[in-house]
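Sequences listed follow chains A and B, in order. Position 3, counted from 1, in the first sequence is what my numbering calls 98; the numbers after and before it change by one each time, with no gaps. Position 508, counted from 1, in the second sequence is what my numbering calls 1038; the numbers after and before it change by one each time, with no gaps.
No lab work stands behind these hints, which were simulated from the structure alone. We treat Cβ as the ideally placed atom computed from N, Cα and C, and that holds for glycine. Keep in mind that the hints are not guaranteed to be accurate.
[Unchecked claim] Partial list, derived from the structure: chain A residues whose beta carbon lies under 7 angstroms from chain B:
#  : residue
1  : ARG113
2  : HIS116
3  : ARG120
4  : GLN143
5  : PHE163
6  : GLU167
7  : GLY171
8  : ILE177
9  : PHE179
10 : ALA194
11 : TYR224
12 : ILE251
13 : ALA253
14 : SER254
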Amino acid sequence: MEHEPTKAFVAEITAVQRRLHGFVRTLVYDRDAIDEIVQETNVTLWEQAERFEPGTNFAAWACKVAWFKVLEHRRGRKLTRIRFADELVETLAAEAIQAEEEHATERAALERCVAKLSTRHRDLLSLYYEKRLPLPEIAATLDSNANALGQMLHRIRASLRECVRRQLSAPAS
Amino acid sequence: MHDPDLERLFSAVIDADISDADHARLERRLSTDAAVRREFLSWMAMESALEWGAGNESDKQPSAPRSPSADTTGWRHRHAVAAGVAGAAIAGFIAVCVMMAGSRDKSPPVAETVRPFHAAVPVQATAWMSDLQQAQWHGDKIWHLGDAITTGPLRLTAGSAQLEFSSGAKVVLTAPADVEVLSPSRLFLRSGSITPFVPPAARGFTVVCPSGEVVDLGTEFSMQVDASGKADVYVIDGEVDVAVGHGPTAGRRRLTQGFGSSLLQTVSHEPRDTARPVIVDHFDGRFQATEGCSPLAWTTWDRDCAAEVKNGSLQIPIDGAAGRQYPIVRVVADHDLPFAGNRTTITAKITLPDGGTAAREHRWAGIVIDDAAHDKTPLAAYQPAVALGVLLSPNWQVGVWGRGEKVQKHHRVFTRDDDAVGPYQLVIVVDDSPAARKRHESATASVTVNGLEVLAEYPLRLGSRPRLQFQTHTEHRDGGRGIVLVDDVSVSVALNAAGEYAAGEYAVGRNSPDAEAPRPVNALRSAD
Chain A
96 MEHEPTKAFV
106 AEITAVQRRL
116 HGFVRTLVYD
126 RDAIDEIVQE
136 TNVTLWEQAE
146 RFEPGTNFAA
156 WACKVAWFKV
166 LEHRRGRKLT
176 RIRFADELVE
186 TLAAEAIQAE
196 EEHATERAAL
206 ERCVAKLSTR
216 HRDLLSLYYE
226 KRLPLPEIAA
236 TLDSNANALG
246 QMLHRIRASL
256 RECVRRQLSA
266 PAS
Chain B
531 MHDPDLERLF
541 SAVIDADISD
551 ADHARLERRL
561 STDAAVRREF
571 LSWMAMESAL
581 EWGAGNESDK
591 QPSAPRSPSA
601 DTTGWRHRHA
611 VAAGVAGAAI
621 AGFIAVCVMM
631 AGSRDKSPPV
641 AETVRPFHAA
651 VPVQATAWMS
661 DLQQAQWHGD
671 KIWHLGDAIT
681 TGPLRLTAGS
691 AQLEFSSGAK
701 VVLTAPADVE
711 VLSPSRLFLR
721 SGSITPFVPP
731 AARGFTVVCP
741 SGEVVDLGTE
751 FSMQVDASGK
761 ADVYVIDGEV
771 DVAVGHGPTA
781 GRRRLTQGFG
791 SSLLQTVSHE
801 PRDTARPVIV
811 DHFDGRFQAT
821 EGCSPLAWTT
831 WDRDCAAEVK
841 NGSLQIPIDG
851 AAGRQYPIVR
861 VVADHDLPFA
871 GNRTTITAKI
881 TLPDGGTAAR
891 EHRWAGIVID
901 DAAHDKTPLA
911 AYQPAVALGV
921 LLSPNWQVGV
931 WGRGEKVQKH
941 HRVFTRDDDA
951 VGPYQLVIVV
961 DDSPAARKRH
971 ESATASVTVN
981 GLEVLAEYPL
991 RLGSRPRLQF
1001 QTHTEHRDGG
1011 RGIVLVDDVS
1021 VSVALNAAGE
1031 YAAGEYAVGR
1041 NSPDAEAPRP
1051 VNALRSAD
């Protein structure tokens, strides 16, 4: 008998995408690999849809599956640019799971912080993150050079992070 | 903390552009400083949030901060979810699209931020496939890293694999190996070779094999079962308890590091704890028992289509006549066996009827021990008066019911379609001896099916006149039919842990309202 995924399951898997991505992002630093791993995780989650029990911690399960996919990926690609020791990665994974609530709060604050950025900075973010253009191409649009833009990106991240920290310690935004 | 140097390192990771020296430095700081890790995780989470379109609102709505769970409007979401399900079933993909389209104009889903996150414990699965090395499986089954394992057999034909249980135990399988996951802390090893690693949290992890079981006590041991069922255990580190046989009275021995042990297969049609009197009915006209015993007298409780002894077995029909709901055919062993105060072992061999997959659904046969206190009334198997019920179905299930609440252990015992009809060798030990009562303040039951322990030491409330019955049952209204064969039924009573029965001793039912003059146990009522 073919099992149809329930609406509850579909809702869960949709809602977990962002968290999955966030989780994998803390452990894998190549953007293509991240997408691949998230996709493989989704495939596995779908394959096991009939075992889903509403009310259980779907996100924990999804992240566990993602963790195994990360392990598989690490085993398969020995020569990644950034490769931390096994023990560190395992620790990061466990701490990432536990920090999720905190990260959710930080995401809320991040929204407000991004809104406060200058137009030019927000343009850069949009071209870099939304359009996914490489820096040299953005440089042409924004009349700058890739190096300077790289520096600007870094400063934006640092200032966003600082803004978020301030928001969380004094939530009177 | 504000650490510009650290922030540069973080950015370098994000840009995947970092020198070896910086990589080493960052790795060291992350490994040694939890605060650094925390900041790192927050940076990566922020990066993920940016990729998902934090602050993607157009300038027309600058002052309305969106709820963080409104991720259905982030630019990333459309890409990611579509990509995520592209590899999945088409039906699923369409369902997600419908889901997304529908939610765009509605309030954002609440699910994402509501439930707290705990440590990544897989709540859906009993165990996980946590490592594979050139693994090949029977029947061309494919397992992937991270796949959840719930029930069912695992037969490794080549390579090696590691299972990680939700209890924390890890078991390495080396081909050829034939195992079955029973629970987060129990594994059945049918044959082959395994090495369990059991961390302190999972202490008590047990490997069950046809001839006994091995309980881990914080250790590393190796275990091998050969085709004859003989098991060899060798303790690499720590200690284990090894039990020969199953159930509460199986003799236990502790093994420490460097020691090994062999367990021989002892499964047979005879009760394991053989003691007088032994009653074995082969239904072939030749009744075998110790002196003074009479055959078990069988009485059919229901239906016109009576069970009968024919061709050397007790034949009980399954009758799913149209329109009848839950038809049950019961055959009761009329006996005077004193479950109370004793340890009673009941064995039987049950063969289910064949008949194609569709007809196999929801047909059951099994043994029930119930309270015959009001024994003129036929009791349905599902009523609370049942002390213990063991039901078998060709639909891959063994169900065990206990008195009061429904203790269901649906366990996928059998492995191939042609195994589905059996025969199933059932061994039930009902232990109401003083030793059992001391352990659990009640009687206990344990059930083994084809050498596989399905239920161990389940606390049981025996009634005053527990009755043994065989029954068949179907949930099919449109004619689940067939004949169940029951053979080699034996009942033995053992009084003490050593399995010795003192002739002449007896025990009257504990709660028996009418305490008659005591009679020897082996004087059965003869069938009239």
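Cross-check of the supplied hints:
no.: 1; hint: ARG113; in the structure: holds (5 angstroms)
no.: 2; hint: HIS116; in the structure: holds (5 angstroms)
no.: 3; hint: ARG120; in the structure: holds (4 angstroms)
no.: 4; hint: GLN143; in the structure: holds (6 angstroms)
no.: 5; hint: PHE163; in the structure: holds (3 angstroms)
no.: 6; hint: GLU167; in the structure: holds (5 angstroms)
no.: 7; hint: GLY171; in the structure: violated (10 angstroms)
no.: 8; hint: ILE177; in the structure: holds (6 angstroms)
no.: 9; hint: PHE179; in the structure: holds (5 angstroms)
no.: 10; hint: ALA194; in the structure: holds (5 angstroms)
no.: 11; hint: TYR224; in the structure: holds (5 angstroms)
no.: 12; hint: ILE251; in the structure: violated (9 angstroms)
no.: 13; hint: ALA253; in the structure: holds (5 angstroms)
no.: 14; hint: SER254; in the structure: violated (10 angstroms)
The structure is inconsistent with the numbered hints 7, 12 and 14, although it conforms to all the rest.
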